[in-house]
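A.B. asks: Sequence:
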Amino acid sequence: MEIKSKEGYEVMEKKIDNKQGFTLIEVVVGIALLGIIIISFMPVFSNSFKGITNSGKKSNALYSSQEGIEKKLHGGTDINSTDTPKRITIKFSGAEFDVNGKAILTEIPFGNNGNKTIVKSFKPD
10 MEIKSKEGYE VMEKKIDNKQ GFTLIEVVVG IALLGIIIIS FMPVFSNSFK
60 GITNSGKKSN ALYSSQEGIE KKLHGGTDIN STDTPKRITI KFSGAEFDVN
110 GKAILTEIPF GNNGNKTIVK SFKPD
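Residue numbers (the working numbering): 10 to 134.
In case anyone wonders, no lab produced these hints; they're calculated from the structure. Please note that a few of the clues may not be correct.
DSBU-like, lysine-lysine: derived pairs with alpha carbons at most 35 Å apart [said to hold, decoys possible]:
#, residue 1, residue 2
1, K125, K59
2, K95, K80
3, K95, K66
4, K59, K95
5, K132, K66
6, K95, K132
7, K66, K129
8, K59, K129
9, K80, K129
10, K80, K59
11, K67, K95
12, K111, K66
13, K80, K111
14, K66, K100
15, K129, K95
16, K111, K67
17, K111, K129
18, K111, K100
19, K132, K100
20, K80, K132
21, K125, K80
22, K59, K100
23, K95, K125
24, K132, K67
25, K125, K111
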């Protein structure tokens with residue numbers, strides 16, 4: 010059916026009366042495009058998940074290190090902490106003060122890459 014527009018151009022009007030749905034090719038192309046989009050975002054989600062789990066492991070290791078330091082500071086024992094005698098010198102306003110005490114070191118491994126948290130502290134005698 011041809012209809013003339015106001016400007017005098019012929020316009021073809023096609024009445025769409027197709028009630029059968031999508032063709033097989035349209036469905037396959039749509040699924041392929043959706044698959045490409047999903048695959049392109051997979052590395053983003055995968056790396057984000059790895060980062061979140063690694064941060065959680067690091068936080069847990071840090072809390073365990075802090076707990077070990079606190080146990081050693083209050084006279085307890087911790088298998089992940091070592092304490093060694095140490096002397097530090099403090100310089101203040103031209104004067105020097107020697108302080109004897111113990112250096113406390115806690116190392117807690119986390120993850121599968123050999124990463125570890127190290128927390129150091131000094132306890133004066």
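A.B. asks: Work down the list of hints and note, for each, if the structure agrees.
C.D. replies: Okay, the hints, checked on the actual structure:
| no. | hint | result |
| --- | --- | --- |
| 1 | K125 to K59 | 17 Å, holds |
| 2 | K95 to K80 | 19 Å, holds |
| 3 | K95 to K66 | 31 Å, holds |
| 4 | K59 to K95 | 40 Å, violated |
| 5 | K132 to K66 | 28 Å, holds |
| 6 | K95 to K132 | 9 Å, holds |
| 7 | K66 to K129 | 19 Å, holds |
| 8 | K59 to K129 | 28 Å, holds |
| 9 | K80 to K129 | 13 Å, holds |
| 10 | K80 to K59 | 32 Å, holds |
| 11 | K67 to K95 | 28 Å, holds |
| 12 | K111 to K66 | 29 Å, holds |
| 13 | K80 to K111 | 14 Å, holds |
| 14 | K66 to K100 | 39 Å, violated |
| 15 | K129 to K95 | 12 Å, holds |
| 16 | K111 to K67 | 26 Å, holds |
| 17 | K111 to K129 | 11 Å, holds |
| 18 | K111 to K100 | 19 Å, holds |
| 19 | K132 to K100 | 18 Å, holds |
| 20 | K80 to K132 | 12 Å, holds |
| 21 | K125 to K80 | 19 Å, holds |
| 22 | K59 to K100 | 45 Å, violated |
| 23 | K95 to K125 | 24 Å, holds |
| 24 | K132 to K67 | 25 Å, holds |
| 25 | K125 to K111 | 22 Å, holds |
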